[in-house]
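Asks: Letter by letter, the chains look like this.
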Amino acid sequence: MVALDAPRGRLAGDRRHLGRALAAWLTLLLLAVSVLSLGSGASGVSAAAVLTDWAAGRDLAEIDRVVLFDIRLPRLLSGVLVGAALAVSGAVMQGLFRNPLADPGLLGVSAGASLGAISAIVLGGLLPPSIAALAGWHLVPLAAFAGSWVAMIVLYGIATRQGRTSVATMLLAGIALAAMIAALSGLIIYRANDQQLRDLTFWGLGSLAGASWTKLGAAAPIILAALAVTPFLARGLNGLALGEAAAAHVGLRVQRVKAGAILSAAAATGAAVAISGGIGFVGIVVPHLLRLLAGPDHRWLLVNSGLLGASVLIAADMISRSVVAPAELPIGIVTAMIGGPFFLWVLLSNRRVLDA
Amino acid sequence: MSLIARDIHLRLGRTDILHGVDLTAPVGRVTAIIGPNGSGKTSLLRALAGEIVPVSGRIALNGLPIVGMRPEVLAGHRAVLPQQSAISFPFTAAEIVRIGLTSVAGDQIRQGALIGEALAAVGLPGHAGRLYQELSGGEQQRVQLARALVQVWQPVVDGAPRWLLLDEPVSSLDIAHQIAVMRLAADYARRGGGVVAVMHDLNLTGMFADHVLLMRGGRAMAEGAPAEVLDSALLSDAYGCRLRVGEVPRAGVWLLPHSATL
Ligand SMILES: Nc1ncnc2c1ncn2[C@@H]1O[C@H](COP(=O)(O)OP(=O)(O)OP(=O)(O)O)[C@@H](O)[C@H]1O
Ligand SMILES: [Mg+2]
Numbered sequence: 001m002v003a004l005d006a007p008r009g010r011l012a013g014d015r016r017h018l019g020r021a022l023a024a025w026l027t028l029l030l031l032a033v034s035v036l037s038l039g040s041g042a043s044g045v046s047a048a049a050v051l052t053d054w055a056a057g058r059d060l061a062e063i064d065r066v067v068l069f070d071i072r073l074p075r076l077l078s079g080v081l082v083g084a085a086l087a088v089s090g091a092v093m094q095g096l097f098r099n100p101l102a103d104p105g106l107l108g109v110s111a112g113a114s115l116g117a118i119s120a121i122v123l124g125g126l127l128p129p130s131i132a133a134l135a136g137w138h139l140v141p142l143a144a145f146a147g148s149w150v151a152m153i154v155l156y157g158i159a160t161r162q163g164r165t166s167v168a169t170m171l172l173a174g175i176a177l178a179a180m181i182a183a184l185s186g187l188i189i190y191r192a193n194d195q196q197l198r199d200l201t202f203w204g205l206g207s208l209a210g211a212s213w214t215k216l217g218a219a220a221p222i223i224l225a226a227l228a229v230t231p232f233l234a235r236g237l238n239g240l241a242l243g244e245a246a247a248a249h250v251g252l253r254v255q256r257v258k259a260g261a262i263l264s265a266a267a268a269t270g271a272a273v274a275i276s277g278g279i280g281f282v283g284i285v286v287p288h289l290l291r292l293l294a295g296p297d298h299r300w301l302l303v304n305s306g307l308l309g310a311s312v313l314i315a316a317d318m319i320s321r322s323v324v325a326p327a328e329l330p331i332g333i334v335t336a337m338i339g340g341p342f343f344l345w346v347l348l349s350n351r352r353v354l355d356a
Numbered sequence: 001m002s003l004i005a006r007d008i009h010l011r012l013g014r015t016d017i018l019h020g021v022d023l024t025a026p027v028g029r030v031t032a033i034i035g036p037n038g039s040g041k042t043s044l045l046r047a048l049a050g051e052i053v054p055v056s057g058r059i060a061l062n063g064l065p066i067v068g069m070r071p072e073v074l075a076g077h078r079a080v081l082p083q084q085s086a087i088s089f090p091f092t093a094a095e096i097v098r099i100g101l102t103s104v105a106g107d108q109i110r111q112g113a114l115i116g117e118a119l120a121a122v123g124l125p126g127h128a129g130r131l132y133q134e135l136s137g138g139e140q141q142r143v144q145l146a147r148a149l150v151q152v153w154q155p156v157v158d159g160a161p162r163w164l165l166l167d168e169p170v171s172s173l174d175i176a177h178q179i180a181v182m183r184l185a186a187d188y189a190r191r192g193g194g195v196v197a198v199m200h201d202l203n204l205t206g207m208f209a210d211h212v213l214l215m216r217g218g219r220a221m222a223e224g225a226p227a228e229v230l231d232s233a234l235l236s237d238a239y240g241c242r243l244r245v246g247e248v249p250r251a252g253v254w255l256l257p258h259s260a261t262l
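Sequences listed follow chains A and B, in order.
Under UniProt numbering, the first residue of the first sequence carries the number 1, and numbering increases by one thereafter.
Under UniProt numbering, the first residue of the second sequence carries the number 1, and numbering increases by one thereafter.
Hint data in this document are derived by calculation from the structure and do not stem from the laboratory.
Note that CB positions come from ideal geometry on N, CA and C, so glycine has one too.
One or more hints might be untrue.
[Unchecked claim] Listed next, the stretches of chain A that the computed footprint assigns to chain B, with coverage defined by at least 3 CB atoms under 8 Å from CB atoms of chain B:
1. 230–244
2. 250–257
3. 295–307
[Unchecked claim] Far from chain B, some chain A residues (derived; all Cβ distances over 12 Å):
4. L29
5. R58
6. V150
7. Y190
8. G210
9. W213
10. T214
11. G260
12. W345
[What the hints assert, rightly or not] Distance windows between CB atoms, simulated:
13. B:E134 / A:G340: 22 to 32 Å
14. B:R58 / A:I153: 34 to 44 Å
15. B:G137 / A:A168: 17 to 27 Å
16. A:A168 / B:Q84: 17 to 27 Å
17. A:G125 / B:E134: 50 to 60 Å
18. A:T27 / B:R58: 53 to 63 Å
19. B:A225 / A:R20: 48 to 58 Å
All chains, please: the whole structure from these sequences, using the hints.
Replies: Below is the structure:
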């Protein structure tokens, strides 16, 4: 007796067709949200107007061109990359720690990235000019990457023993790590001058307001490289769900999968933080929703997390620009207002696992 | 062709667990590893699986040393059912079984059919879409067995036998499913594969094993045919309780505890 549903040759319980269908819908959603985002903003340039102009072969007004290409477009692309990076890092970390509560923001990985970035911004001037020039604009994202990578290694080393992750240890270690890193960041900020201080404050709450082609150009290659690696981790993360020993039994190179997961999540988080500061909860909310919709198979979970994470972040950015217009809320406040309660809900629905 | 362990010394953390264990598991047979709790059965099986590396000693699978064998190659030679499994996300039974196909080439349709067949083979034909966490303990154990089965579905490939290493495959099962699973293992061996199973049920061992290793305190106390190893005096000594071994016509060896007291 073979449990196949005959006409489509599909096995019951295999939810990959759901993942595939979801990917199509999420792509459409991302396109729709992007167009909306391009068309909304303080200056009142509307995407529709620009599109009709363009379709009619008319030249764009200079002011429209500046608003669209130098302000809104880099901001949109930054939102897409940051959202995708945070959500995919969340999904990868959850797979690595075998726990739906693992999240770069929650466990100090974003804080590590912030520390790296702050150090680069404030102390970067102390570097020998030749090195500073060599790293150039990449200095901040690279330092952020280094910070998140170190935080991730320390966290994984503490929380995981003999292939088992203790939920309590993971969360407590993450909290302690985040607090220590925040203290270090505070110390470094003492050395900042007034201009740096203003930048750092706004950036610390999480915002896309500072998005520019330069920043994007520095961080995008790191994020894109990290995201490009994750599909190759999908089978490995599925196997890890059975535990490290069983993952090795089915033929996975467990150490390689773990190293790949740590590196890619750290790189994506680090570069995202370098663009926008710490934006919480995207990494926990997005993968959790997707698991509810199409199951935990990482082969679609990772891709879909990227798509939905991007849409969520752009939407949150639009909210942050509109609620107190013409001023702007830091986007981290928006994601925390929505993500906080959601996180509590995840916590409560996982009570059984956590209390065990 | 066989699975051979020679003079295995194993250490975990700061404890010496195995002190020179030998085992020769013949192909085409069901080999049972028996012994009291903590005697080192699981540790030996993990070493045979290539999961932990012994301090000294040799392990050869079909004549090839397993140390240094690449994981994906090893995965083509043997599948492992651990004593315990915990799954961290809400996968369905079918998705769990699919993980067993990680190192197996094949197209989607064939793999889907294989997953269905394996679930049917362990008596869970209608359970493909059920969430693993919502299955009973015995059902979960059989899903894990199906996951191991798909990995080495054909007992012989290119003339080389493949191996099922099962750690207490029937510990959570009712009596009918115990027999069904042991028959599955025996059938795998009869078709040319090899089976090594850690067992606590000595009666099932008597019924299904062709070769038995009795362990105590990290050492092999006896190895040989069931008729030699399943012996009243030997077993009573190994387990520290009085056991009587009798014969039941047609079923073979049969054991009863001597009395309700030790
Ligand atoms: N990771 C470990 N670190 C230290 N000691 C261990 C470890 N795993 C097992 N041991 C010890 O090794 C001995 C053998 O354990 P093993 O799991 O092999 O026993 P077993 O024969 O399978 O027992 P059971 O019938 O209870 O499953 C036990 O004394 C156990 O405490
Ligand atoms: Mg055991």
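Asks: Confirm or reject each hint.
Replies: For each hint, the structure was consulted:
Coverage of the stretch 230–244 of chain A by chain B holds [criterion: at least 3 residues with CB-CB distance below 8 Å; count 6]. Given as covered by chain B, the stretch 250–257 of chain A passes the check, having 5 residues with a CB less than 8 Å from a CB of that chain where 3 are the minimum. Using a Cβ-Cβ cut-off of 8 Å, 3 residues of the stretch 295–307 of chain A lie near chain B, which meets the minimum of three, so the contact claim holds. Annotated as non-interface, L29 of chain A keeps its C-beta farther than 12 Å from every C-beta of chain B; the closest such distance is 24 Å.
Every CB of chain B lies more than 12 Å from the CB of R58 of chain A, the least distance being 50 Å, so the non-interface label holds. A cut-off of 12 Å between C-beta atoms confirms that V150 of chain A is not in contact with chain B; the least separation is 25 Å. Chain B leaves Y190 of chain A outside its interface by the beta-carbon criterion, the shortest separation being 42 Å against a cut-off of 12 Å. Under the 12 Å C-beta cut-off, the non-interface status given to G210 of chain A relative to chain B holds; the minimum distance is some 37 Å.
Under the 12 Å C-beta cut-off, the non-interface status given to W213 of chain A relative to chain B holds; the minimum distance is some 39 Å. Distance check for T214 of chain A against chain B: the nearest CB is about 40 Å away, which clears 12 Å, and the non-interface claim stands. With 12 Å as the threshold on Cβ separation, the claim that G260 of chain A sits away from chain B holds: the shortest Cβ distance comes to roughly 15 Å. At roughly 16 Å, the least C-beta separation between W345 of chain A and chain B is larger than 12 Å, which holds for a residue marked as non-interface.
A hinted range of 22 to 32 Å for the beta carbons of E134 of chain B and G340 of chain A is consistent with their spacing of about 29 Å. Distance hint check for R58 of chain B and I153 of chain A: the Cβ-Cβ separation is about 36 Å, which falls inside the suggested range of 34 to 44 Å. Range check, G137 of chain B to A168 of chain A: about 25 Å between beta-carbon atoms, so the 17 to 27 Å window is met. One distance hint, 17 to 27 Å for the beta-carbon pair A168 of chain A and Q84 of chain B, holds here, with the actual separation near 20 Å.
Restraint check, G125 of chain A to E134 of chain B: a C-beta distance of roughly 58 Å satisfies the suggested window 50 to 60 Å. Checked against the given bound of 53 to 63 Å, the beta carbons of T27 of chain A and R58 of chain B, roughly 55 Å apart, stay inside it. Taking the beta carbon of each, A225 of chain B and R20 of chain A are about 54 Å apart, inside 48 to 58 Å as hinted.
Of the numbered hints given earlier, the model fails none.
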